[in-house]
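Protein chains in written order, with numbering that gives the first Met the number 0: chain A, 0 to 309; chain B, 0 to 267.
Just so you know, these hints were derived from the structure itself, not from any lab.
Careful: at least some of the hints might be erroneous.
[As the list claims (entries may be wrong)] Which chain A residues face chain B? A few, computed with CB under 10 Å, are given here: (1) Gln27; (2) Arg185; (3) Gly189; (4) Ala200; (5) Arg202; (6) Pro216; (7) Gly217.
All C-beta atoms, glycine included, are put in the ideal place defined by N, C-alpha and C.
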Amino acid sequence: MTTSNPQSFERESSWNIDQATFLKALRQRYTFDKVFATLALLAVVFSLFVLAVLLIDVFIDGIGRVNWSFLTSFPSRRPAEAGLVSALVGTVWVMVLVALITFPVGVGAGVFLEEFISDNWFARAIEINISNLAAVPSIIYGLLGLQVFVRVMFPITQGRSILSGALTLSLLVLPIVIIATRESLRAVPGSIRQAGFALGATRWQVVREHVLPLAMPGVLTGVILALSRAIGETAPLITIGALTYIPFLPELSLKGLQSPFTVLPIQIFNWVSRPQADFYSLAAGGIIVLMVVLLLMNATAIYLRNRFQK
Amino acid sequence: MISDSMNQTLTEAALRAQNVFVYYGSTLAVRDVTLDIPKNKITAFIGPSGCGKSTILRCFNRTNDLISGARVEGKITFHGRDLYAKGVDPVEVRRRIGMVFQKPNPFPKSIYENIAFGARINGYQGNMDELVEQSLRSAAIWDEVKDKLKESGLSLSGGQQQRLCIARAIAIEPEIILMDEPCSALDPISTLKVEELMQQLKERYTIVIVTHNMQQASRVSDKTAFFNAEATDKGGKVGYLVEYDDTSTIFSNPKQEYTRDYVSGRFG
Numbered sequence: 000m001t002t003s004n005p006q007s008f009e010r011e012s013s014w015n016i017d018q019a020t021f022l023k024a025l026r027q028r029y030t031f032d033k034v035f036a037t038l039a040l041l042a043v044v045f046s047l048f049v050l051a052v053l054l055i056d057v058f059i060d061g062i063g064r065v066n067w068s069f070l071t072s073f074p075s076r077r078p079a080e081a082g083l084v085s086a087l088v089g090t091v092w093v094m095v096l097v098a099l100i101t102f103p104v105g106v107g108a109g110v111f112l113e114e115f116i117s118d119n120w121f122a123r124a125i126e127i128n129i130s131n132l133a134a135v136p137s138i139i140y141g142l143l144g145l146q147v148f149v150r151v152m153f154p155i156t157q158g159r160s161i162l163s164g165a166l167t168l169s170l171l172v173l174p175i176v177i178i179a180t181r182e183s184l185r186a187v188p189g190s191i192r193q194a195g196f197a198l199g200a201t202r203w204q205v206v207r208e209h210v211l212p213l214a215m216p217g218v219l220t221g222v223i224l225a226l227s228r229a230i231g232e233t234a235p236l237i238t239i240g241a242l243t244y245i246p247f248l249p250e251l252s253l254k255g256l257q258s259p260f261t262v263l264p265i266q267i268f269n270w271v272s273r274p275q276a277d278f279y280s281l282a283a284g285g286i287i288v289l290m291v292v293l294l295l296m297n298a299t300a301i302y303l304r305n306r307f308q309k
Numbered sequence: 000m001i002s003d004s005m006n007q008t009l010t011e012a013a014l015r016a017q018n019v020f021v022y023y024g025s026t027l028a029v030r031d032v033t034l035d036i037p038k039n040k041i042t043a044f045i046g047p048s049g050c051g052k053s054t055i056l057r058c059f060n061r062t063n064d065l066i067s068g069a070r071v072e073g074k075i076t077f078h079g080r081d082l083y084a085k086g087v088d089p090v091e092v093r094r095r096i097g098m099v100f101q102k103p104n105p106f107p108k109s110i111y112e113n114i115a116f117g118a119r120i121n122g123y124q125g126n127m128d129e130l131v132e133q134s135l136r137s138a139a140i141w142d143e144v145k146d147k148l149k150e151s152g153l154s155l156s157g158g159q160q161q162r163l164c165i166a167r168a169i170a171i172e173p174e175i176i177l178m179d180e181p182c183s184a185l186d187p188i189s190t191l192k193v194e195e196l197m198q199q200l201k202e203r204y205t206i207v208i209v210t211h212n213m214q215q216a217s218r219v220s221d222k223t224a225f226f227n228a229e230a231t232d233k234g235g236k237v238g239y240l241v242e243y244d245d246t247s248t249i250f251s252n253p254k255q256e257y258t259r260d261y262v263s264g265r266f267g
């Protein structure tokens, strides 16, 4: 110890590494840090850049078309008169229904699988299958919806209706909600459950009063993801036969649920596939509207989530 | 069993375990435990890690039921009634036999709600404000929290949280309070407060405490059970009860050599 320089931390050790070697290696380690940080930054910049280009392009093409008459007119053969009110209303209808169906069913299924049945092969088989269902291509759900909701359940859904579309999309996104619910329930510490049980609470009381409120922010995040997926889906709705030309609005009644419909992605798809260039800007305008609807929807869910977190 | 003291029959047993075996799946965790927990006394379970003292404690209010694969054999009676008989509702058992855990686990809700929850779900009809105050007073924490009942239970210090958990447990007026290493996450001053509290509580409640701290066992308890673990052929460990007697006997004049070694700090 007598030979050590008080300015450095050097001392005798069995490692036999002199200070210079250590410092050189340390500089190298810091270099690796910087390289990795730069690569990670590049990944962020790249994805944001692509997104920004897309958004700017869409805005330049479409912002001129987004005005009141675009939002309130029905589709038309003449681009100047065309609007997307029926698609906008259709999207709102379908999304409200999807939310109303998937929230109770998805959260209920997640709670049952996570809190009520014991961890046996049956539960694990269900878990694997639900994960697989989340990865099934959406067109398959369209085919299922066509047979089950449009044809078999015709007396209830009246065929190619808002109800059929919403049920099909609900099936599509249910796995996402169930998985998110289970994940967030799993994140609730077991000590909270034990505390509840030790006070003589039943399973439902523990779940209802303590576990679910703590899991709710995560559940709502899952619902946001699920609805964001559902709002952009086109293929399954085309498969079940959503129309592209809807010159009327569904009634605000149960009967309205059984009326034919269209949604924004289908309307956009329709406009994009037309030969006239004017329709392209309509499509761009439609994309802007779709994005605003999506943002509003997510903002609502985030607002709810923050309220739960308090 | 190995050492039933004579005076055990003089006090009424609140809980009686007879030849209790506990399995997790196919693994035997604790074998052949027989002991009586005397009423209105503090009984301490001591022993090295993995000796099954917490496992036995959890059998008393059927919290082992919540662990999948756990199985209890033998007989545990509470006022002569078999806790594991058919038709016995574990929820009712837990309502009579409360529990305080190793790590303070208040609900992430207000202090008031932490106390009121158990009463509400069990159908308490009386004045809730009074019950909350009385429970907090009994747990010697009222003065510290009376001005912030609406604040989260998590805003309290660790020691306060643990006393809140005790208050929560006694709010539903159980007969027995099981404490699973209640002070292991607390500093010495908080520990002392909880120990003083236990002395007050034993007037009205029967307390069973699992502790790693032998000084604590000797300070607070009336009876002490020493558990040990022995290796099995398969490489696992099985816990068993070595000796159960008055605390003074266990610490000054134990009958078993294992016990003497353990309480004198020679192993474990």
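Going down the list of hints, with the structure as the test:
| no. | hint | in the structure |
| --- | --- | --- |
| 1 | Gln27 | violated, 42 Å |
| 2 | Arg185 | violated, 15 Å |
| 3 | Gly189 | holds, 9 Å |
| 4 | Ala200 | holds, 5 Å |
| 5 | Arg202 | holds, 9 Å |
| 6 | Pro216 | violated, 12 Å |
| 7 | Gly217 | violated, 15 Å |
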